[in-house]
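For reference, the chains in residue letters:
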Amino acid sequence: MTSLETKREIADANRRRYEELRTAGQEAMPKALPAATALDGAPIAPGAIISSEEVPAGWYTIVRLRRGEALRIADPSGLSSVSMIGWREEDTSERINCADTVKVQWSAALSKGRVILSDMGRVLCSLIEDTSGAHDILVGGSTPASTSAAYGVTSRNTLENFVAGAAKIGLGVRDIPPCVTFFAPVSLDADGRFIWSQSRKRPGDFVDLRAEMNAILVLSNCAHPLDPARPSAARPVMLVRHRAVPAAADDPCRTGSPEAMRAFEFTDRLYA
Amino acid sequence: MTALITSSPRDASNAIYSHDIPAERPWSQVLKRGQTLRIVDSEGQQAVDALLYCAADPAERYSSQDTLRTQGSAYIELGTWLVSNKGRAMARITADSCGRHDSSAGCCSCESNAVRFGEATKYQHACRENFILELSKYGLTKRDIVANLNFFMNVPIDPDGKFTVVDGISAPGNHVDITMDMDVIFVISNCPQVNNPCNGFNPTPIRVMIWDQD
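For the record, the sequence lines run as chains A and B. If you count the first sequence from 1, you need to add 27 to reach our numbering. If you count the second sequence from 1, you need to add 1 to reach our numbering.
Chain B extracted, bound-state conformation (with noise of 0.2 Å):
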């Protein structure tokens, strides 16, 4: 499959925000209707694991089925919206350098690896930690963890349905603008896997800009 991909015609000296977020850390900030989140993979092979919660009422959040649903196919790309669970469209991809990004994989937790990889990985830092702790600063919980999206992430599914985290595809820079269709809570762990190829077995920093409206 031919994946879209485009440079974002956003210039970094604009940026209101720029952080860099160290690697197996986590990252949230409400951003506002119209505003652009820029997520760079800095030095490739990082997955980037995300939440969206309506600010207004966190209640409504990122849904990977309703998005899925409404594109008709299952992958992240250029133009997809990102919809709710009620249905309405929370932000959209307007720029994208790398090509393809998951919402089947959802994040990894301490108890998810200690059955796939064993238990001594249980004791292993996961992005549902990451998760949890930055929900906390919003009075959101476990329970508001719902399958995220995982930028950058390369989860292939085979028409018989074989479903494979495979090496990450994107390079060092690549990058992905998303820009809100309303006020949100955007919640994002920087990877820590060790255990599979999405972050090339080497969890590194990613970097967050913001810009204001186009």
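In isolation and in its complexed conformation, chain A is listed as follows (with noise of 0.2 Å):
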């Protein structure tokens, strides 16, 4: 049995490290982030095209990244959210973890600089670019349940778009996990109640995600439930799969947080 004096001693101890982590991430780490990217901002190479797609609105599709691709998702109107879960493809056990991206990085509004983890401690794609930095990682997106709700009928929704695309590659309702919706400017106030901030949505809002792993990518084009817009209103969005400068050792993605160089050297591993 350890001595309740050295319990104390470690618990001390423990809660002097956490204060410092914290201090470093709460703190340090928002300084650090890039700004946003413009809406002209960072166009892609014609050559560095690998493939692109229009995803119509209610609908749902798949992609593959290899490590080092990236994957422009644009919002030509202004007016679709788009909803992402994934996994890794060696190995689907592997996948998103909304749960330990927010909570690893302190923080629950991703931006360009950010990254999104897998619940391996590892990281699967990075923001590198990032016109928006309103996105949900909090409430999900809609279902069945939720169109019914809103709009008396059910209408195509990205919980039925997941169970698809995840039955395309093999996996099942099982395989499902919270996800994050882009273009999706939920907040929360005092009393922790969301808040859907409609200004925050503009044409042309773009988000470049690199996959730092070997990445199966379902993203649906629904309406997020908080949206006041009835479906009808949606419109397509832009998919441009392109190659990416790979993370190198002074990525700004890489070098955001402690945390994300853990993150990234446990990720490096895996392709070492």
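Rather than coming from a laboratory, the hints here were simulated on the basis of the structure. Each residue gets a CB set at the ideal place from its N, CA and C atoms; glycine is no exception. One thing to keep in mind: the hints can contain errors.
Covered stretches of chain B (in silico footprint by chain A; criterion: 3 or more residues with CB under 8 Å from a CB of chain A, positions within the stretch not fixed) [what the hints assert, rightly or not]:
no.: 1; stretch: 9 to 23
no.: 2; stretch: 44 to 50
Restraint ranges, calculated between C-beta atoms of paired labels, are given here [stated by the list, open to error]:
no.: 3; chain 1: B; residue 1: R89; chain 2: A; residue 2: Q225; range: 28 to 38 Å
no.: 4; chain 1: B; residue 1: S137; chain 2: A; residue 2: I37; range: 27 to 37 Å
no.: 5; chain 1: B; residue 1: S137; chain 2: A; residue 2: Y298; range: 42 to 52 Å
no.: 6; chain 1: B; residue 1: P173; chain 2: A; residue 2: S104; range: 48 to 58 Å
no.: 7; chain 1: A; residue 1: P171; chain 2: B; residue 2: T142; range: 25 to 35 Å
no.: 8; chain 1: B; residue 1: Y18; chain 2: A; residue 2: A275; range: 49 to 59 Å
no.: 9; chain 1: A; residue 1: A51; chain 2: B; residue 2: Y18; range: 57 to 67 Å
The list that follows gives simulated cross-link-like pairs (lysine-lysine, DSSO-like), each with its CA atoms no further than 27 Å apart [as the list claims (entries may be wrong)]:
no.: 10; chain 1: B; residue 1: K33; chain 2: B; residue 2: K87
no.: 11; chain 1: B; residue 1: K143; chain 2: A; residue 2: K195
no.: 12; chain 1: B; residue 1: K123; chain 2: B; residue 2: K163
no.: 13; chain 1: B; residue 1: K87; chain 2: A; residue 2: K195
no.: 14; chain 1: A; residue 1: K34; chain 2: B; residue 2: K123
no.: 15; chain 1: B; residue 1: K123; chain 2: B; residue 2: K138
The task is to assemble the complex, starting from two chains supplied on their own in separate frames and drawing on the hints.
Right under this line is the structure:
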């Protein structure tokens, strides 16, 4: 048995380390984050484009990205939201983990310079460009229940898109984790209630996700459940798969925090 | 914010089951519709990670995002319906002497600890190890571990998104009652985390009690 005094010393040491990490994560990190990408910024060189695809409103697609490739998700109309889940291609038991993503980065606000983590302490993808910074990682996508409550009838929705997308790569309902939704400006008021900020959506918003592992993604172009607009307002989104600059030693996503550096290091080991 | 707080009307002498879960250990039980599970934070400041699965079809399970979306707010409180990935009510919080619980921070794992606190912490016991072992009794695997409930864990989220696990707010003896709305496999990990304040840096035992239909 550890003595009470020793336990207290260990607890005190753990607390001091936690406070150091919290200060580094919450106070140093946001200052180090790069500024948002301009709406007319970060053009993709024509030679870097691998493929592109328009996804109609209400629909989904499956995208496979090799490590180092990037996916541009663009919302030309400013009326759409794109929900996403994903797995590591070589072992799909490893998948996007929203809880670890917010916990490890001390923030539920995804923006340029942040990463999306897998459940294995590795980086699924990095936000290397982002004009928006208005994404949801807490509320999730639309479902049969949310659409029928909002519109009186069940319309095409993200959960059913995820079920269909997962099925086409041999996965099932058990493999559908909580999702992230891009171009979904959700924040919290002081009482913890969710707020939708329509003014933070702009035509032409885009985000570039660079895969840090070989990844399979399912993306669903359905209105976010907090979006007051009806699904008929939704428009197509554009996806462009392209070759990106690899995450070098000084990459801003990699060096953004001690936590990100470790997550990148653990990811690099997989492919060393 | 003023949290809703109430002591349970249920009398401990009528409980059909009472068990102390040692510090750092898992527990599970199949609970029938109408039964109530009480979790007692016996010594205070102890996070309790929990997952719920539909006993008839475990592919239906607790969904944090469906739960938060349905109630329109980010914390688990008195009256919160715990909603499944099929949009159905699984259970409801029917008493709560603590006031606020988390469902966004997930559980600790060896792998996330290594990222958060350094690689030396990879070889410390973690909730996900508990969940994997307990779920294996039901034929479930790591695939089935979704974002869980964290009873007695205080994770305020600021309007700008800042997200912090802060010191637990539960006092010794604080309890939460969860009444089942379907037959549920209820799985608990008594959180072993020593690297953040969720357990006051010192994991302690908790008590679980069960009542038949009120």
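Hints, one by one, checked against the model:
| no. | hint | result |
| --- | --- | --- |
| 1 | 9 to 23 | violated (count 0) |
| 2 | 44 to 50 | violated (count 0) |
| 3 | B:R89 / A:Q225: 28 to 38 Å | holds, 31 Å |
| 4 | B:S137 / A:I37: 27 to 37 Å | holds, 31 Å |
| 5 | B:S137 / A:Y298: 42 to 52 Å | violated, 30 Å |
| 6 | B:P173 / A:S104: 48 to 58 Å | holds, 55 Å |
| 7 | A:P171 / B:T142: 25 to 35 Å | holds, 26 Å |
| 8 | B:Y18 / A:A275: 49 to 59 Å | holds, 57 Å |
| 9 | A:A51 / B:Y18: 57 to 67 Å | violated, 45 Å |
| 10 | B:K33 / B:K87 | holds, 19 Å |
| 11 | B:K143 / A:K195 | holds, 21 Å |
| 12 | B:K123 / B:K163 | holds, 25 Å |
| 13 | B:K87 / A:K195 | holds, 20 Å |
| 14 | A:K34 / B:K123 | holds, 20 Å |
| 15 | B:K123 / B:K138 | holds, 25 Å |
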